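With the hints as your guide, set chain L onto chain D.
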Amino acid sequence: MQPTARVASSTPLRRLAVHSTTTCAEQSVAYGKCIVATYTDVQKDSCKAEFEKFGACLREAVRVHAFLTCVQLL
Amino acid sequence: MLALRHARRAGSHTHARTFAAVSSSINPSGVGPFQVFDRNAKRLQKDRAVARDGGERSRTVDYVRNEVADRLMERFMDIKRKFETVLDLGSGAGHFSKLLEEDKAGKVTMLDLSGKMVERDPDSEFEVAVDRGVLDEEHLLQSIPPNSQEAIVSCLSLHWVNDLPGVLVQIREALKPDGVFIGALFGGDTLFELRTALQLAEVEREGGISPHVSPMANPRDMSNLMSRAGFTLLTVDVDEVRIGYPSMWELLDDLRDMGESNAIIGRRHFVPRDTLAAASAIYQQLHGEDAGVPATFQVIYMIGWKPAPNQPRPLERGSGDTNLKTVL
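Line by line, the protein sequences give chains D and L.
Basically the working numbering = 1-based index in the first sequence + 455.
Basically the working numbering = 1-based index in the second sequence + 731.
With the rest of the complex left out, here is chain D (with noise of 0.2 Å):
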């Protein structure tokens, strides 16, 4: 499926679907990593620090194609 394709279909799902693979795949790796060195112990919020530049990508993305949308509908 072409990522283009994706962002056009509407469900806020998918467009979080669209933003956690694609538009924020750094933070999502190093989110990812963190839990996988400690992921034989992990604790509630043992990754925080990533996962918060992760949340906060995934909001910004959000933020911006809700921008682009209204930007489209104008």
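No lab work stands behind these hints, which were simulated from the structure alone.
This list has only true hints and no planted wrong ones.
Estimated spans, in silico, between C-beta atoms of each pair:
id, chain 1, residue 1, chain 2, residue 2, range
1, L, Asp970, D, Lys508, 40 to 48 Å
2, L, Arg783, D, Arg518, 28 to 36 Å
3, L, Asp862, D, Arg518, 50 to 58 Å
Here are the computed lysine to any residue pairs in the SDA-like style, where the Cα-Cα straight-line distance is at most 20 Å:
id, chain 1, residue 1, chain 2, residue 2
4, D, Lys499, L, Arg926
5, L, Lys838, L, Arg812
6, D, Lys499, L, Arg999
7, D, Lys499, L, Gly938
8, L, Lys811, L, Gln1042
9, D, Lys508, L, Asp1005
10, D, Lys499, L, Leu1017
According to the in silico footprint, chain D covers these stretches of chain L (three or more CB under 8 Å from chain D):
id, segment
11, 934–947
12, 1011–1018
No experiment lies behind these values; they were computed from the predicted model shown.
For every residue, glycine included, the Cβ atom is placed at its ideal position computed from N, Cα and C.
Relative to the frame of chain D, chain L by itself:
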């Protein structure tokens, strides 16, 4: 809107759902097998899966069931007998029944929990005559008389049954003497990648876990369950189907379209976005391969016969008249 949703639910189903966990009536103080799965929710999930895009989505995700049906058919063909009737229990859209040939079976009866699922595909796709019906596998003997069936087949439906030993006993009861039961069901390693990714994500993000992937039968227990249910001449074997997906999200979509979403009683009805995104990242890093992520479906195949006097059986102990010592 909310009121309307409730009214519609109450109209089409006898159980009106209020907010959360259980959609079928479960009596906690009653005696009987422990209830793990919400059968009513499972029926709704299957009905909805078939209704999505006029059945198109449901047909697209037939690949797991078709593959397993094919492998089950190989085992079925090894039985050198022609059956007048075959009962396909939990048939889905007839993935197994479609493969039946006329020299093997005269007629097939497809029964499934979901009426929409069982009616999905037209008769023209089947080689043998088809009969369809709606039946809850857990109450097989309420509709099928004992000692009435030559062969009962079940392809990937028994993993949603609460009382597996009880259903196996009912199947044995429904069979004629010397009748055969041949089945495939998902085993305990199924979707272990998804299970671990969601558990790690929930622990790290929220500090606890909840059930997302069903508990499933352990392959080592199956032969015990079969012999306890009274089957003889058992064959049990285990196989895996591995499917690659671009990411966890496509797997979740396809599971939903298969009607295989979570139906555990007490499941979470809402998973926070953060946890899902975290699970997707962990799935990729922990199990990912170059071109995406794999999902494993472990399948247990079993064959068992209802005892009959004319079946081959071991000779009496000590009745041999050749001394093995002289042969070896």
